[in-house]
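> Once you've looked at the hints, dock chain L against the given chain U.
Number of protein chains: 2
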Amino acid sequence: MSSAGSTQEAPYEFIYVPGIPGRGEYIRLAFIEAGVPYTDTAFTESCMDTLAAYTSDENAGDASNPPPFASPILKHGELVISQTCNILMYLGPRLGLAAASSTPSRENDAYKINALAMTAHDGFGTEVHNCHHPIATDFYYEEQRDESVRASKNWVKNRLPKYLGYFEKVLAGEASGEGPWLYGGVLTWADLVLFQSIHGLEYMFRKAMKAAKESGRYTRVFQLYEAVKARPRIAEYMASDRRLKYANGLYRYYEELDVVAE
Amino acid sequence: MSSAGSTQEAPYEFIYVPGIPGRGEYIRLAFIEAGVPYTDTAFTESCMDTLAAYTSDENAGDASNPPPFASPILKHGELVISQTCNILMYLGPRLGLAAASSTPSRENDAYKINALAMTAHDGFGTEVHNCHHPIATDFYYEEQRDESVRASKNWVKNRLPKYLGYFEKVLAGEASGEGPWLYGGVLTWADLVLFQSIHGLEYMFRKAMKAAKESGRYTRVFQLYEAVKARPRIAEYMASDRRLKYANGLYRYYEELDVVAE
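If you read the protein sequences in the order shown, they are chains U and L. Anchor point for the first sequence: position 112 equals 112 in full-length UniProt numbering, and the numbering is continuous, going up by one each time. Anchor point for the second sequence: position 192 equals 192 in full-length UniProt numbering, and the numbering is continuous, going up by one each time.
Hints listed in this document are in silico derivations from the structure and should not be mistaken for laboratory results. Keep in mind it's a predicted model, so treat the numbers as computed, not measured. There's no promise every hint is true.
Straight-line distance between alpha carbons at most 25 Å, and here's what the computed PhoX-like set of lysine-lysine pairs gives [stated by the list, open to error]: (1) Lys210(L) with Lys229(L); (2) Lys210(L) with Lys245(L); (3) Lys162(U) with Lys75(L); (4) Lys245(U) with Lys213(U); (5) Lys162(L) with Lys75(U); (6) Lys207(L) with Lys153(L).
Chain U on its own, in the form it takes in the complex (with noise of 0.2 Å):
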């Protein structure tokens, strides 16, 4: 059994499906801005393999750690864990990715970060994910093609405001601090998830975007979003081939979804 001295200095490995940004994008991110090594299984050719390792209805675990349900999963040193917010709430402070402070009143800081992060994976990730599979992931998206026009339009038309107003809110508010971002005047993995959020949104609902930014109601919420796009370590990332384009995954663009609220 390792210390946990061991486990704070052993190396970040993240493994997650290959070709598509998706959920584990939130987790690079983190990686890039920290400017901390990591391996990612998706760029390796044994990728799948991988996967199935730790998947597979084989795998039970082992003596400290529970099997995953699915990716992501993040391995470090003897720990394996997985689901993409608990991931990050780990990943943060280790990261730099935190409110700096360590006064008693920022010592729950993480669950402040925590219930951001996972609005915005929730709210942005899997009820857009509902808009183009809204009956079953099981099932081609030409299998319900009709309902996922049904489902994104109203997702744009009541959802999309609610959760940009919502965060609007949240950086008007006095616990965002000073500066652009969503708690405590730092840069967190919750504005990580916001950037990363609106990015995708710009891609697979090109049309309401658009609508969103120009209305000026969220201006704070596209600040965010620039800044985070202009950090440096970001900035030279997402010019990079190592940040993978948008494809069959969570994220997608089909002309017939791209609506704009009636």
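The following block gives chain L in isolation, referenced to the frame of chain U:
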């Protein structure tokens, strides 16, 4: 600004919508099992006003707390947090619902337990809600009944066995330890989430759950369910009128959705 000490000793205030178990029940069960007192706004006359004060457009949070997006919400001293699994991760160790040991190798237990809780919550909660509201939460069930039948048939056939099989595998795995629990040989908040999920599923998909039980494939899952149900404080609570009946919340009964795998 309060010290960490005064937050530790502060009463737990739980804020949730009235009249349904819903997602709030996962959190209520944690307090019940721990035998720790808490206030529950759902049972107060001013419930809707309290909720609105937290989640209205006008609430921008305070100096140290961002506003919550939605309930459930936990207030503990000066701390205000939202998101069901986030609240449980905060409460779990404080309520004694986590692995008891504090050796270094156990320091990351919370992330392992949280991954299990999130998997049960998302799979048996969010996905199940989608079975009766596949197109949009903003539409009535009656406006998406045909789509709900299609979604439920697929969910019962493909997703239900996938999740039940996953938790059966976790329970058979070494990291689950002795006894009927998911992790570390002790009852954790993940066990409570799984228990409440199974309880809700048996209400909503009674035919499919009966078949699942009788198949003998998930004996450990149902043993965990029975073990939680037999806990003295849980048993007393479940038999009391404090335990709300299912209604138009997360778990619902519609005869046409009570399908079996074909």
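> Just to be careful, I want the Cα atoms of lysine 245(U) and lysine 213(U) compared with a cutoff of 25 Å; is the pair within it?
Holds - the C-alpha atoms of lysine 213(U) and lysine 245(U) are around 23 Å apart, at most 25 Å.
> Need the status of pair lysine 210(L), lysine 245(L): alpha-carbon distance at most 25 Å?
20 Å, holds
> Given the hinted pair lysine 210(L) and lysine 229(L), is their Cα-Cα distance within 25 Å?
With a Cα-Cα distance of about 17 Å, the restraint between lysine 210(L) and lysine 229(L) holds, given a limit of 25 Å.
> Would the pair lysine 162(L) and lysine 75(U) pass a check requiring their Cα atoms to be no farther apart than 25 Å?
23 Å, holds
> Between the alpha carbons of lysine 162(U) and lysine 75(L), is the straight-line distance 25 Å or under?
OK: lysine 162(U) and lysine 75(L) at ~23 Å, within 25 Å.
> Given the hinted pair lysine 207(L) and lysine 153(L), is their Cα-Cα distance within 25 Å?
12 Å, holds
The structure agrees with every numbered hint stated previously.
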